[in-house]
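With the sequences and hints as input, model every part of the structure.
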Amino acid sequence: MEKAIVNKLKKSSTIISGPDGNPLAVLSLSERNRLCRHFRLSPREVELHSLEAGIVPLRYLKNIGTLSIEGQRRLLSSKVAVVGLGGLGGLLVELLARVGVGGMLIIDGDRFVEDNLNRQILLQEKDIDLIKARLAEKRVRDINSAIEVEKWEGFVTEENAQHLLSSVNLVCDALDNISSRLLLQSTCEQLNIPLVHGAVAGFSGQVTSIFPGDASLSVIYGDEGITIQRGVEVQEGNLPGTVGMVASLQAQEVIKILSGKGAALRKKLLVIDTERGEIRHINL
Amino acid sequence: MKVMVKGFGAVRKYVEEKGNNIFEVDDSFSVRDIIKHLKINPDLVALVTVNGDRVSKDFHPRDGDEIFLLNMVSGG
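Residue numbers (numbering that gives the first Met the number 0), protein chains in the order written: chain A, 0 to 283; chain B, 0 to 75.
By construction, these hints were calculated from the structure, which means they are not laboratory data. A few of these clues could be false.
[Said to hold, decoys possible] Pairs of lysine-lysine, DSBU-like flavour, derived with a Cα cap of 30 Å:
#: 1; chain 1: B; residue 1: Lys5; chain 2: A; residue 2: Lys266
#: 2; chain 1: A; residue 1: Lys267; chain 2: B; residue 2: Lys5
#: 3; chain 1: B; residue 1: Lys1; chain 2: A; residue 2: Lys267
#: 4; chain 1: B; residue 1: Lys56; chain 2: A; residue 2: Lys266
#: 5; chain 1: A; residue 1: Lys266; chain 2: B; residue 2: Lys35
#: 6; chain 1: B; residue 1: Lys12; chain 2: A; residue 2: Lys266
[Said to hold, decoys possible] Here are the in silico distance ranges between beta carbons for each label pair:
#: 7; chain 1: A; residue 1: Gly236; chain 2: B; residue 2: Asp57; range: 25 to 33 Å
#: 8; chain 1: A; residue 1: Lys260; chain 2: B; residue 2: Lys12; range: 36 to 44 Å
#: 9; chain 1: B; residue 1: Lys35; chain 2: A; residue 2: Gly153; range: 37 to 45 Å
Each residue gets a CB set at the ideal place from its N, CA and C atoms; glycine is no exception.
See the structure below:
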């Protein structure tokens, strides 16, 4: 079976000039779909076989120069949870689907409301009142049919967190309150998986990657005697550019951690203030 | 002592509305005292660095130190 797939993949591929100028075999979407039907495999399975055989699904061609075929294979075989599908989570879902993170668990118990329109990329006027997780799931499927997406139309709680997140390799914190963020941190700690944190308010935002043992959110927010649930976003609101910037930086963290490329922002908080164009690292 | 205070994000305006960012404060003041002195809600300040090193709000800065106050953000 394995050999038959590889042979068929080779016959179905086209040779082009790759990012380094050398010949590169690529597989088009239509050929991929044909192979899915032929071998009764899922799109993700065919794409994984393809990458393992050194054949790049054409949709990922522009990733390969940076991520390599092996990095792309790692992304496609990973599963990420995006917790919170508002400003940050909506764009994260979009970016991770496009880059080819093969498994996604998307979580939010809310419906869209009108004041989400300024920054939440999943939302159009006609979709006010719709359930966020359903719209996000549809968006992922529309962008990349290879992604195996599951949704949870509810919130992460102390009761369900471990069970809910037990199947993922990494969690994205796209939440909007401090206690839920700390719950994600303790759950990821117990599950021994990394957590990519992002938060925004007005013109400013922050990003960091938290590995088991780091407890960086406890440094940022304090984990004892918390008197507040939210930050200055209560007064400042959230601008779309800030949200897009921080979600994009979170996506880059996910890509680096999963593909093994670059250096994650571990024990470093990247803080950005676009009102003055300032960027800093704070060691955590 | 004189310290330089830099507010980041939404905290900046609370510092800058005082006119400049150099402040003469009592030698015994901790960072927490300085935040209070500047009438900044301490809940709005997440992290503090002094001369680039992260410190607790109970840290006692010295004359000439640069104090950086990061705003508390948690929006998504």
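Structure-based check of each hint:
no., hint, in the structure
1, B:Lys5 x A:Lys266, "22 Å, holds"
2, A:Lys267 x B:Lys5, "19 Å, holds"
3, B:Lys1 x A:Lys267, "29 Å, holds"
4, B:Lys56 x A:Lys266, "19 Å, holds"
5, A:Lys266 x B:Lys35, "28 Å, holds"
6, B:Lys12 x A:Lys266, "28 Å, holds"
7, A:Gly236 x B:Asp57: 25 to 33 Å, "32 Å, holds"
8, A:Lys260 x B:Lys12: 36 to 44 Å, "39 Å, holds"
9, B:Lys35 x A:Gly153: 37 to 45 Å, "41 Å, holds"
Consistency with the previously given hints is maintained throughout, with no hint failing.
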